[in-house]
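Engineer: So the chains spell out like this:
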Amino acid sequence: MRQHYDIVVVGAGPAGSTAARFAANLGASVALLERDREIGVPVRCAEGVSDSELRKYVDIDPRWIATTITDFGFFSPSGKMVQLLSQANGYILHRRLFDHSLAEIASEQGAEVFTKAYVYNLKRTNNKTTLYLKYIGREREIEADIVIAADGIESRIARFAGIKTKLAMKDIEQCAQMMLANIDVNPNRGDFYLSHNWAPGGYVWVFPKGNNIANVGLGVNGKYAGERSPLEYLESFVSEKFPTATRLTTTAGGVPVTTHLSELVTDGLMVVGDAARQVNPLTGGGISSAMAAGKKAGLVAADAIKKGDTSVKQLKRYQAEWNKTIGKDYKRFHRIKAWTLTLTDDDYEEIADALQGLSPDEVTLTKIFKAAVKNKPSLIIDVMKVFAGF
Amino acid sequence: MIRIDKNRCDLCGVCISVCPVDCIEMTETELSIDEIVCIDCDACVKICPFAALSTVSKE
Ligand SMILES: Cc1cc2nc3c(=O)[nH]c(=O)nc-3n(C[C@H](O)[C@H](O)[C@H](O)COP(=O)(O)OP(=O)(O)OC[C@H]3O[C@@H](n4cnc5c(N)ncnc54)[C@H](O)[C@@H]3O)c2cc1C
Ligand code: SF4
Ligand code: SF4
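Chains R and F, in that order, give the protein sequences. For the first sequence, the working numbering puts the final residue at 390, and the numbers step up evenly by one. For the second sequence, the working numbering puts the final residue at 1059, and the numbers step up evenly by one.
Please keep in mind that the hints were generated in silico from the structure rather than gathered at the bench. Just so we're clear, the structure is a prediction, and the values are computed from it rather than from any experiment. Treat the hints with care, as some may be off.
Unchecked claim - The list that follows gives simulated cross-link-like pairs (lysine-lysine, DSS-like), each with its CA atoms no further than 25 Å apart:
| no. | chain 1 | residue 1 | chain 2 | residue 2 |
| --- | --- | --- | --- | --- |
| 1 | F | K1046 | R | K170 |
| 2 | R | K116 | F | K1006 |
| 3 | F | K1046 | R | K328 |
| 4 | R | K134 | F | K1046 |
| 5 | R | K164 | F | K1046 |
| 6 | R | K166 | F | K1046 |
| 7 | R | K56 | R | K223 |
| 8 | F | K1046 | R | K223 |
| 9 | R | K166 | R | K56 |
| 10 | F | K1046 | F | K1006 |
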């Protein structure tokens, strides 16, 4: 580890590794720091991603793919299934291998990668930032012209630089997930269970990984926090649906479901991925948007280094770019999310009833439209579309 | 005062994202709360997916 880098990226998830890769590719000296002993572990993710989104940012390596998803099943509170063909081919990834590869690709471009490197403070003086870290338990200080904060849901790095990142309760889906083995699931269908009893303000997912293994997890909206914990909800679901399953993992996690931070940059610092709340607020999917943000930020950062100007004015190009692309879509999804939180179990049941008996290729968006007359039909279509494309 | 059940905590970091005074710190292996700074707002207790945090009255 050197004393100084042009750019230091904190956090080696999809956002950080992608930012490091694009910045290093343009010739900046880059360090990528990860607190944990191993990149990509533990997996706190259902691992679903769409093919078309993923390939925008990386050449897909077949080793990352656990399964291909061709269908989605939506289950009503009483258990009626509405099946929908996937709008875009989807994958369930092996995030462990995927995250490893993204860091590896960054290092091939020249980024230096360090694990067990925990950043606990920052100080900005004379256009440089000192990062205070513990590297394998020893105190270190390194200096950067630009810091890219890719530290996930916690988002303390940006806080150290004065950006407000605290989340309101309702802007979080609190999650629990188990990877279950020895279960009988459709190997190419991703399932969603919608019910206030299973997961209030969120949903349960069953995403197959092949070999009778699946990620089974759920998110509960933070506005219901403190009643029953997501772990308790998950225990109930798993005991009822998969009583004999082998529990290979049990993990906690959280997804920010709000619009992105109003300030994505400040002097010498940029925020990307979950840390910037750049997640699809409707589905909770954040892998591809983390990579999108990482790419945009990495390119702008390297350019700023070339120009010798790391001021907020220069770095703002990243924010502008985000606002007019994915940021704009997610603002719309966020409004839809607010509306989905008003749907009751009766609403879900009614929609499922109207669509019963149709085969998946008959479940067109027009039929959903008709089924949803009592609710806000155009919104239902949007919701299904977004989910069916991950 | 907030008690951390360290055997239950999964080090997911969600509690940190709701803390209004940023007094929760998480290293690779351990979560800790700065009691002096903590304002006992309970947000972390509620949001923890594993119910690993609880409020205990100050002695
Ligand atoms: C249960 C669950 C299910 C999900 N399912 C899906 C899904 O199916 N599809 C999808 O697209 N998205 C899903 N998501 C969201 C997705 O996991 C995230 O959006 C994505 O991982 C964000 O990437 P990131 O790089 O921003 O952050 P992360 O992947 O969280 O990476 C942040 C990294 O920063 C490190 N770090 C934190 N603080 C420091 C520090 N101070 N110093 C050094 N390193 C630090 C962390 O250890 C971590 O490795 C899910 C999330 C959860 C919780
Ligand atoms: S939210 Fe709970 S499980 Fe997650 S780090 Fe905090 S105390 Fe641990
Ligand atoms: S009780 Fe409130 S102030 Fe104290 S650690 Fe928890 S969130 Fe922070």
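Engineer: Looking back at the numbered hints, which does the structure fail to meet, lowest number first?
Structural biologist: 3, 4, 7, 9
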